[in-house]
Every structure is written in C-alpha cells, then in structure tokens.
Amino acid sequence: MNGARCEYHTNLIAENSSNQQNLFCTTKSLLCEPSEVLFPKDIAPDDLANDFGNFFMQKIDKINQLIDMKSSSEMSKAREKGCTDSNTYACVTFANFKRLSQEQVYELIKKAAKKSCPLDPMPTSVILDVLDVLLPVITNMINLSLESGVRQIIPGRSSRTLECIT
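Numbering (full-length UniProt numbering), first residue to last: 1 to 166.
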C-alpha cells in the first residue's frame with residue numbers, strides 16, 4: 001500500500017513540476033497543513049495589521065539603507081577613478097562579463113522557476129520541451145546582451161508611507 005501511495009505522489013509531483021500552484025497544493029495536502037489561516041486571538045485585528053505593515057516598512061528601510069551605503073561606496077570609488085560628473089552613477093560601468101557556455105545557461109534555465117505568464121511569447125513548458133533546439137539561440141542572445149550592453153544603473157528608491165488603521 002505504501003509503495004502504491006509513494007508511486008502515485010511521485011507521479012503527481014512529476015506531472016505538476018511546471019505548475020507551481022498544483023505543486024504547492026499537493027505538497028500542502030501531503031503535509032496535512034490546515035487550510036485556514038490562524039491569527040493571534042489576543043491581538044486586535046487593527047493592531048495586527050499595523051504590526052504587519054510596520055514590520056515590512058522596517059525591512060524596506062533596512063534595504064534602502066544598504067542601497068544607500070553601497071551607492072555612496074560606489075560613488076567614492078568613481079571619484080577615485082576621476083569621475084567628477086555631477087551624476088556620478090554615469091561614471092560607474094560594468095564592462096567585463098564572462099561569456100556563458102551552453103551548459104551554464106542550461107543549468108540556469110533548469111534551476112529557474114517553471115512559471116509562465118500570458119505575456120510570454122511561449123509557455124515555459126514548451127521551451128523546456130524544445131530546450132535542446134533553443135539552447136544555442138538563448139545562449140547567443142545572453143552573450144550578445146552581456147557583450148554589447150551598456151546601461152546606466154541608478155538604484156531606485158521609493159518613498160512609501162503607511163497609513164495606520166485606527
């Protein structure tokens with residue numbers, strides 16, 4: 001009985017390997033997790049919502065601080081190289097990229113999430129089915145992009161404010 005159950009679930013997971021939603025639901029059912037979300041009952045819903053909001057705002061602030069620290073470090077390096085442009089970011093370039101082999105691109109594609117979007121020119125499952133044919137083309141596109149691409153990179157910041165629920 002256990003062997004049949006194991007084989008069934010193995011096949012079910014293999015069949016849904018490109019469908020993240022079905023895979024998630026299958027895993028959830030195997031782990032017998034409750035389907036309802038449980039929130040602490042001793043905290044008022046408004047306070048809980050504000051706590052969640054504050055938690056994520058603090059995380060965003062920490063990320064922005066790290067970006068600012070990295071940015072100022074890169075600007076100092078650019079000044080050392082003689083960049084006096086008021087927009088110092090224009091002086092910082094990424095110019096040395098190593099070409100990728102087909103094997104490296106294959107590994108990257110296999111490790112990536114198997115998700116698709118209606119805007120995709122071709123569903124991920126189809127690309128994976130014909131990857132042996134598309135791999136040289138995809139590898140060439142990536143390498144051409146890395147060789148010829150010069151882009152000004154400016155870290156984006158967004159100012160977000162949360163309105164507390166009262």
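These aren't lab readings, by the way, just hints derived from the structure by calculation.
Here the structure is a predicted model, which means the values were calculated and not measured.
There's no promise every hint is true.
Stated by the list, open to error - Below, a list of computed lysine-lysine pairs in the DSSO-like style, where the Cα atoms sit at most 30 Å apart:
(1) 98 with 28
(2) 59 with 114
(3) 111 with 70
(4) 62 with 111
(5) 28 with 70
task = Sort out which numbered hints this structure fails and list those numbers smallest first.
result = 1, 5
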